[in-house]
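Novice: Protein sequence lines correspond, in order, to chains U and C. Each step along the first sequence adds one to the number in numbering that gives the first Met the number 0, with nothing skipped, and position 323 is 322. Each step along the second sequence adds one to the number in numbering that gives the first Met the number 0, with nothing skipped, and position 80 is 79.
Hints in this document: simulated from the structure, not taken from any laboratory. Since the model is a prediction, treat every value here as computed from it, not as a measurement. C-beta atoms are modelled at their ideal positions from N, C-alpha and C, and glycine is treated no differently. Be a bit skeptical, because a hint or two may be false.
What the hints assert, rightly or not - Cβ-to-Cβ under 7 angstroms is the rule here; a few derived chain C residues that face chain U:
(1) Thr68
(2) Arg96
(3) Phe109
(4) Gly125
Claimed, not checked - Computed beta-carbon distance windows for the label pairs:
(5) C:Ile194 x U:Ser40: 31 to 37 angstroms
(6) U:Ala296 x C:Arg73: 50 to 56 angstroms
(7) C:Asn36 x U:Ile292: 39 to 45 angstroms
(8) C:Arg73 x U:Leu424: 54 to 60 angstroms
Stated by the list, open to error - Over the 12 angstroms line for every Cβ pair with chain C, so calculated as not near, a few chain U residues:
(9) Gly80
(10) Glu151
(11) Pro304
(12) Met367
(13) Gly370
(14) Tyr372
(15) Glu380
(16) Gln384
(17) Val385
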Amino acid sequence: MSVGLVILVVVAIATVGFFIGRARAVSSVAGDVRQLHSLPSYYGQTVFLFSAVPALLVTLAWLLLQPLYVENQVSGIILPGDIAEGSSLDLVMADVRRISSGLDTAVAAGVLDKNALTQLDASQTDVRALLGDVGVALASDVHPNVFAAAREYRATTATLKGAMAAVAVVLAVLGAVIAFARIHPEYRARNVSELAIKSLLILSSMVAILTTVGIIFSLLFETSNFFRMYPARDFFFNLTWNPQFTGGSDLGILPLLWGTLYVSFVALIFAVPIGLLVAIYLSEYASRKVRSIVKPAIEVLAGIPTIVYGLFALITIGPLLRDYFAQPLGLGASSSSVLTAGVVMGIMLIPFVSSLSDDVINAVPQAMRDGSYGLGATQSETVRQVILPAALPGIVGAILLAASRAIGETMIVVMGAGAAAKLSLNPFEAMTTITVKIVSQLTGDTEFASPETLVAFALGLSLFVVTLCLNVLALYIVRKYREEYE
Amino acid sequence: MYDASNPGVTLEQTDIKIAANKVQVYYGETHAIKDVNIDIQEKTVTAFIGPSGCGKSTFLRCLNRMNDTIDICRVEGDIHLDGEDIYDKRVDPVQLRAKVGMVFQKPNPFPKSIYDNVAYGPRIHGLARNKGELDEIVEKALRRGAIWDEVKDRLDAPGTGLSGGQQQRLCIARAIATEPEVLLMDEPCSALDPIATAQVEELIDDLRARYSVVIVTHSMQQAARVSQKTAFFHLGNLVEYDDTANIFTNPRDERTESYITGRIG
Numbered sequence: 000m001s002v003g004l005v006i007l008v009v010v011a012i013a014t015v016g017f018f019i020g021r022a023r024a025v026s027s028v029a030g031d032v033r034q035l036h037s038l039p040s041y042y043g044q045t046v047f048l049f050s051a052v053p054a055l056l057v058t059l060a061w062l063l064l065q066p067l068y069v070e071n072q073v074s075g076i077i078l079p080g081d082i083a084e085g086s087s088l089d090l091v092m093a094d095v096r097r098i099s100s101g102l103d104t105a106v107a108a109g110v111l112d113k114n115a116l117t118q119l120d121a122s123q124t125d126v127r128a129l130l131g132d133v134g135v136a137l138a139s140d141v142h143p144n145v146f147a148a149a150r151e152y153r154a155t156t157a158t159l160k161g162a163m164a165a166v167a168v169v170l171a172v173l174g175a176v177i178a179f180a181r182i183h184p185e186y187r188a189r190n191v192s193e194l195a196i197k198s199l200l201i202l203s204s205m206v207a208i209l210t211t212v213g214i215i216f217s218l219l220f221e222t223s224n225f226f227r228m229y230p231a232r233d234f235f236f237n238l239t240w241n242p243q244f245t246g247g248s249d250l251g252i253l254p255l256l257w258g259t260l261y262v263s264f265v266a267l268i269f270a271v272p273i274g275l276l277v278a279i280y281l282s283e284y285a286s287r288k289v290r291s292i293v294k295p296a297i298e299v300l301a302g303i304p305t306i307v308y309g310l311f312a313l314i315t316i317g318p319l320l321r322d323y324f325a326q327p328l329g330l331g332a333s334s335s336s337v338l339t340a341g342v343v344m345g346i347m348l349i350p351f352v353s354s355l356s357d358d359v360i361n362a363v364p365q366a367m368r369d370g371s372y373g374l375g376a377t378q379s380e381t382v383r384q385v386i387l388p389a390a391l392p393g394i395v396g397a398i399l400l401a402a403s404r405a406i407g408e409t410m411i412v413v414m415g416a417g418a419a420a421k422l423s424l425n426p427f428e429a430m431t432t433i434t435v436k437i438v439s440q441l442t443g444d445t446e447f448a449s450p451e452t453l454v455a456f457a458l459g460l461s462l463f464v465v466t467l468c469l470n471v472l473a474l475y476i477v478r479k480y481r482e483e484y485e
Numbered sequence: 000m001y002d003a004s005n006p007g008v009t010l011e012q013t014d015i016k017i018a019a020n021k022v023q024v025y026y027g028e029t030h031a032i033k034d035v036n037i038d039i040q041e042k043t044v045t046a047f048i049g050p051s052g053c054g055k056s057t058f059l060r061c062l063n064r065m066n067d068t069i070d071i072c073r074v075e076g077d078i079h080l081d082g083e084d085i086y087d088k089r090v091d092p093v094q095l096r097a098k099v100g101m102v103f104q105k106p107n108p109f110p111k112s113i114y115d116n117v118a119y120g121p122r123i124h125g126l127a128r129n130k131g132e133l134d135e136i137v138e139k140a141l142r143r144g145a146i147w148d149e150v151k152d153r154l155d156a157p158g159t160g161l162s163g164g165q166q167q168r169l170c171i172a173r174a175i176a177t178e179p180e181v182l183l184m185d186e187p188c189s190a191l192d193p194i195a196t197a198q199v200e201e202l203i204d205d206l207r208a209r210y211s212v213v214i215v216t217h218s219m220q221q222a223a224r225v226s227q228k229t230a231f232f233h234l235g236n237l238v239e240y241d242d243t244a245n246i247f248t249n250p251r252d253e254r255t256e257s258y259i260t261g262r263i264g
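Can you build the whole structure from these sequences, using the hints too?
Specialist: Structure representation (structure tokens):
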């Protein structure tokens, strides 16, 4: 039985349980539902939950643990001598899984039957050619032990899957029966249902938190591998970035960090004043009609994919800045430059700054405006002297959120600023950022064993720490602001 | 309490400061103020009373054109301040509001220091030539606002950190720092406790010597305590306008009597 079918059967059992549970609740009070503690469908729900939840949880756990168990069993078949030079147990096990699923395909296609499979001997038959016929390509000829392992893998997996289906169905039926037996008029089915909802909500929030923790740990793990191969001191203080895939690379983060901060800084220089002025116009000056048109129009900017911004940088802004500024001023001849990426990124960030600042400005109580107008202040005096100071913490929060967005941006930088890691002050020079280098270190056929690839994780973690700090700072400021008016 | 104790200023008090004639106010489709005629006298406290939603606050806000800041609000008829039509095109509402100050229902100090709160108006209107003069204006306003003694040692502290009653007196000081001729107060004590209310009422009585004060209030006792003239509004109409003593002892209109005796409200 496949996993999908198991889930379907469990849900079907639970659904049947729902209806008979409900019917039993109704019949237990002879049809007078007012005597029940809860509405009849709540009783049905308890049966459904008791039936479906444990069965599905066990299925899930089984699915997660099964491969670990099977691999542990099977890897014993492979002897150290079977592992070719330059390969590893992990790679051989990947072959085992591949052959195993290839055998499944072969059996399904009718090329092999069960008996033929048990008698098949890899030292006699060309398994590679056999599997190639059904569309499963293997990288090398199959070693007999590897084939034996694959056969074993396939057999164990099949047995365990059968067992899983049986366990799940039995649990579903058992749960339904237990819940059914517990139904009586005083049973607090509503509260059980409430508990289930609460658990669901907790579970959902746990998913978000656990994912973050998972990301951090995977980064930490690979980063520590990196630092075992490459000195941390060089990573943090070396002034050059020059990865060589033959070894002897310089992997200093500083040029990349500089590029990242420089591009983000230029982007914010553009985005913050414009975004802020837009927000002030929209919240204080614009009539309702203008606002209803302009605000969505600006928010469209936020919906444009960054790759499209990248194209804009590449074919429009870049040549424009080069022809009218960089070359006449004698500052450079490259169309990829910090300024190109910065300006385009700034355009991208305008809606972030304007939309968040708009909310913050609108949150300033009307009483503040009244007070100021009542004293004979004009609109711009009111904005400058009362509203902006009152909204400032929130605006700073908005700017910091925009900044962390700028720091994490990749596509615009690749296309606008180029890929040269440089420490320079000239904004017309091509530079690059951490994110771009993470991508370029990991693209292509790479294995995660050399410092040149693992450095990507160290870079990622550094980036994560920087943006995390900015976000925490932003949240702190926004929260502090919130307390001021309540 | 009406001017009997102070016969010397009787003549001045009969001078008309604000004359409103056939004022209509519309909020979108709603006709909020209907045909109001009223003469507000100089150096007098005038109270507007009436049940909730009767339009008294709306009318008050017409007197310094605060309703201009509400998009859907439309004012018809004319209102003269010292004989000049305040809804005339040539009148700058910003200048007008400097002359007709306003204190709101909820104390609304700016999130600035006490000093800056009071100095706000004088600064934007350029009333002080130098820091020394500004200091003087601030001190004078705070003294008149009857809050100087409580805050003189902490003028740099934020205005939002004061208690409710102190905040309201700070707002009054802020309003009088621009030397207005009329002070409009929209339920200035509704957010205050009885002690703070008493302090503010005492202050209003002092302010009468220099300004016309118009106060909207829900408390009839308050109207009786602080005002010399009282106007009773009902459903957007000005029902009765007379000396406070007459309104409360001898109302002419049945609706006024019902309201002050608590039968409608």
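Novice: Run every hint past the structure and note whether it holds.
Specialist: Here is what the structure says about each hint:
1. Thr68: With Cβ-Cβ at 6 angstroms, under 7 angstroms, it holds.
2. Arg96: 4 angstroms, holds
3. Phe109: 5 angstroms, holds
4. Gly125: With a minimum Cβ separation of about 11 angstroms from chain U (threshold 7 angstroms), the hint on glycine 125 (chain C) is violated.
5. C:Ile194 x U:Ser40: 31 to 37 angstroms: 58 angstroms, violated
6. U:Ala296 x C:Arg73: 50 to 56 angstroms: 30 angstroms, violated
7. C:Asn36 x U:Ile292: 39 to 45 angstroms: Roughly 43 angstroms apart at Cβ, these two residues keep to the hinted range, so it holds.
8. C:Arg73 x U:Leu424: 54 to 60 angstroms: Holds, since arginine 73 (chain C) and leucine 424 (chain U) (Cβ atoms, about 59 angstroms apart) stay within the stated range.
9. Gly80: 77 angstroms, holds
10. Glu151: 73 angstroms, holds
11. Pro304: For proline 304 (chain U), whose nearest Cβ neighbour in chain C is about 37 angstroms away, the distance exceeds 12 angstroms, so it holds.
12. Met367: 6 angstroms, violated
13. Gly370: 4 angstroms, violated
14. Tyr372: 6 angstroms, violated
15. Glu380: About 5 angstroms separates glutamate 380 (chain U) from the closest Cβ of chain C, which leaves it inside 12 angstroms; violated.
16. Gln384: Given a closest Cβ separation of 7 angstroms, the condition is violated.
17. Val385: Non-interface label on valine 385 (chain U) violated, nearest chain C Cβ at 5 angstroms vs cutoff 12 angstroms.
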